[in-house]
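Q: Read off the chains here:
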Amino acid sequence: MTLPLVEQFAYGLDAPICLTWELTYACNLSCVHCLSSSGRRDPRELSTAECRAVIDELERMQVFYVNIGGGEPTVRPDFWELVDYATAHHVGVKFSTNGVKITPEAARRLAASDYVDVQISLDGATADVNDAVRGPGSYETALRAMRHLSEAGFRGFKISVVVTRQNAGQLDDFKAIADRFGAQLRLTRLRPSGRGADVWDELHPTAAQQRQLYDWLVARGEQVLTGDSFFHLAAYGEALPGLNLCGAGRVVCLIDPVGDVYACPFAIHDSFLAGNVRGPGGFASVWRDSELFAGLRRPQTGGACQSCSAYDSCRGGCMAAKFFTGLPLDGPDPECVQGHGERALAAVSGAGAPRPSGDHSHRSGRSGPVPVSIGSGPVPVSIGARPGGGLGPARPPDRACDENPLAGFRRLRG
Amino acid sequence: MSTEAQASGVRAGFDLDRPWQLHPQVSVRPERFGALLYHFGTRRLSFLKSPALLTVVRCLGEASSAREACRSAGVTEAELPGYAAALATLAGSQMICARAAS
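Protein chains in written order, with our numbering: chain A, 1 to 414; chain B, 1 to 102.
Since the hints were derived computationally from the structure, they do not count as laboratory data. It should be emphasised that the depicted structure is a prediction, and the values quoted were computed from it without experimental measurement. Beta carbons: idealized from backbone N, C-alpha and C, even for Gly. Heads up, a few of these hints could be off.
For each label pair, taking beta carbons as the anchor points, the in silico distance ranges come out as [what the hints assert, rightly or not]:
#, chain 1, residue 1, chain 2, residue 2, range
1, A, R44, B, S64, 56 to 64 Å
2, B, S64, A, S271, 53 to 61 Å
3, A, D270, B, G82, 46 to 54 Å
From chain A, some residues computed to sit far from chain B (all C-beta separations above 12 Å) [claimed, not checked]:
#, residue
4, Y65
5, G137
6, P354
Taking the hints into account, I'd like the entire structure generated from these sequences.
A: Now the structure itself:
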C-alpha cells in the first residue's frame with residue numbers, strides 16, 4: 001500500500017508531532033554544556049501575547065505537546081500562565097527545569113494536572129559530579145524539587161541526565177535516585193551544541209563508556225527513557241526502544257525565545273534557521289514553506305557512510321553532532337561506534353568547526369564568553385571505498401535524533 | 001524487547017462483541033497514512049497505519065460492538081482478524097477502552 005511509516009515521517013508531516021520551545025534564554029545557572037548558551041534574557045523575547053498566539057497556532061495544527069525549556073523557563077513571570085493557557089487549549093506541556101521554582105505549592109499544582117509533565121535536570125548522581133557541570137548548589141536544588149514533587153504525589157516525573165564521561169559510571173545510582181522519588185530516569189546524549197561545543201572534548205563519553213551505556217540501556221528496555229537520542233548506538237546491534245528517527249524539520253523542530261524556528265534543539269545556528277514565528281504566516285508557514293525544511297524532507301544519501309555495513313542501523317548519526325564538530329553532514333557521527341568518527345575528527349581541525357550562532361551566557365559566569373565566529377565549514381572525509389567514489393554535496397542524514405520527539409512511541413499494525 | 005514485540009503480547013483475547021470507545025484522554029490527528037494518537041494520561045504516542053483503521057476507531061463510540069464498528073467502516077470478514085489485532089494493541093496501550101453497553 002503506502003510507504004512505510006518511518007519514511008512517511010522522513011518526508012515530513014503537515015504539523016510537527018511535538019516541538020521544543022525554549023521560552024527564555026534567562027537562567028539562574030551557567031551549565032558548561034548548555035545547548036542554547038543560556039544565561040541572560042534576550043530583550044527581544046516573545047511577549048505573553050505572542051506566546052499565546054503561538055499556542056493558538058499549535059492548537060489549530062493539532063500539535064499534541066510542547067517540550068518547554070530554556071534557559072530556565074520557570075523564571076519567566078508568565079510561565080505558569082502560559083502553561084495553563086497551553087493545556088486549556090489542548091496542547092500538552094512537558095517542561096525541563098533545574099528545579100529552582102518547584103516549591104511545595106508548585107509541586108502540588110503540577111501533581112493535579114494530567115496535561116503537564118516535568119523533567120528535572122541532573123547531571124551527576126552525586127553533588128560533586130553534578131555541580132562541576134551545573135554549578136554550585138544545583139544538585140541540592142534539583143533534589144529538593146524532586147522531594148517536593150514526590151511529596152505532592154507526582155508519580156513518574158522525569159529525571160533527565162546528560163550522559164558524560166564523568167557520570168557514565170553512575171547509571172545505577174541515577175536509577176536508584178529515580179526509584180526513590182517514584183520518578184522515571186531519562187538519559188540523553190551530550191551534544192557539542194551551544195556552550196557544549198567548548199567542553200565536548202572533555203565531557204563526551206569514551207568509546208568504552210558508550211558500549212557500557214548501550215548494554216545498560218538494552219538491559220533496561222523501556223524502563224529508562226532516552227528521547228531517542230542514542231540511535232547512533234544502534235550500530236552495536238539491536239536498536240534501542242523508540243523509533244530511531246531523526247525528526248529534525250520533519251516531525252519536530254525548535255522555537256527559540258525570540259521566535260526563531262530551527263530544525264532541532266541541538267542546531268541553533270543560522271544554517272538550520274527556517275524562519276521566525278513573527279513572520280506573516282506565523283509558525284505554520286515556517287513549518288510548511290521553509291526551504292530548509294523542504295530540503296530536510298527530501299530523500300537523503302548516506303554519503304561517506306553509504307558503504308558501511310552499519311549504515312542501515314545508525315543512518316549516519318546526529319546531524320548537529322557532526323555539524324558542530326566540523327564533520328560533513330553526510331559523513332560519520334563523531335561518536336560513531338565503528339570508530340569512523342574519531343578518524344574523521346583527527347583529520348579535521350577543531351578550529352574549523354562552526355560556532356553556535358548566539359551566545360547568551362552570563363557575562364561574569366563561570367564559563368567565559370563563547371567566541372562567535374563562523375568557521376570554514378565542514379571538511380569532507382570519506383570512509384573506505386564507496387560506490388561512485390566522489391563526495392556529494394554535504395547533506396543531512398535521513399535520520400537523526402531529537403530532544404524528545406518520539407520517546408515512548410508505540411508501533412501499531414493496522 | 002522492541003515495542004512491537006511487547007505490544008503483540010496483548011493481542012490475544014480482544015472482545016469484538018462488546019462496545020468500545022476511544023479513551024477520553026486520547027487526541028487523534030488524521031494524517032495521510034492514517035492517524036497519530038496521543039494519550040495525555042500515559043503520555044504515549046501511537047499511530048494508526050491506515051485511514052480505514054481510523055474510520056473503525058471513529059465508529060467505535062457509536063457502535064454496539066467493535067465488530068459492528070468494523071462492519072460499518074467496510075471491513076470484510078476476511079480482514080476482521082487483522083483489525084481485531086490492531087484494536088487489541090490499542091486496548092493494550094489504553095488508547096481505546098471498553099464502554100458500558102447502552
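Q: Does each hint hold? Answer for all of them.
A: Here is how each hint holds up against the structure:
1. A:R44 / B:S64: 56 to 64 Å: 57 Å Cβ-Cβ, so the 56 to 64 Å window holds.
2. B:S64 / A:S271: 53 to 61 Å: holds, 57 Å
3. A:D270 / B:G82: 46 to 54 Å: holds, 48 Å
4. Y65: violated, 7 Å
5. G137: Holds: least Cβ distance 30 Å, greater than 12 Å.
6. P354: Holds: least Cβ distance 32 Å, greater than 12 Å.
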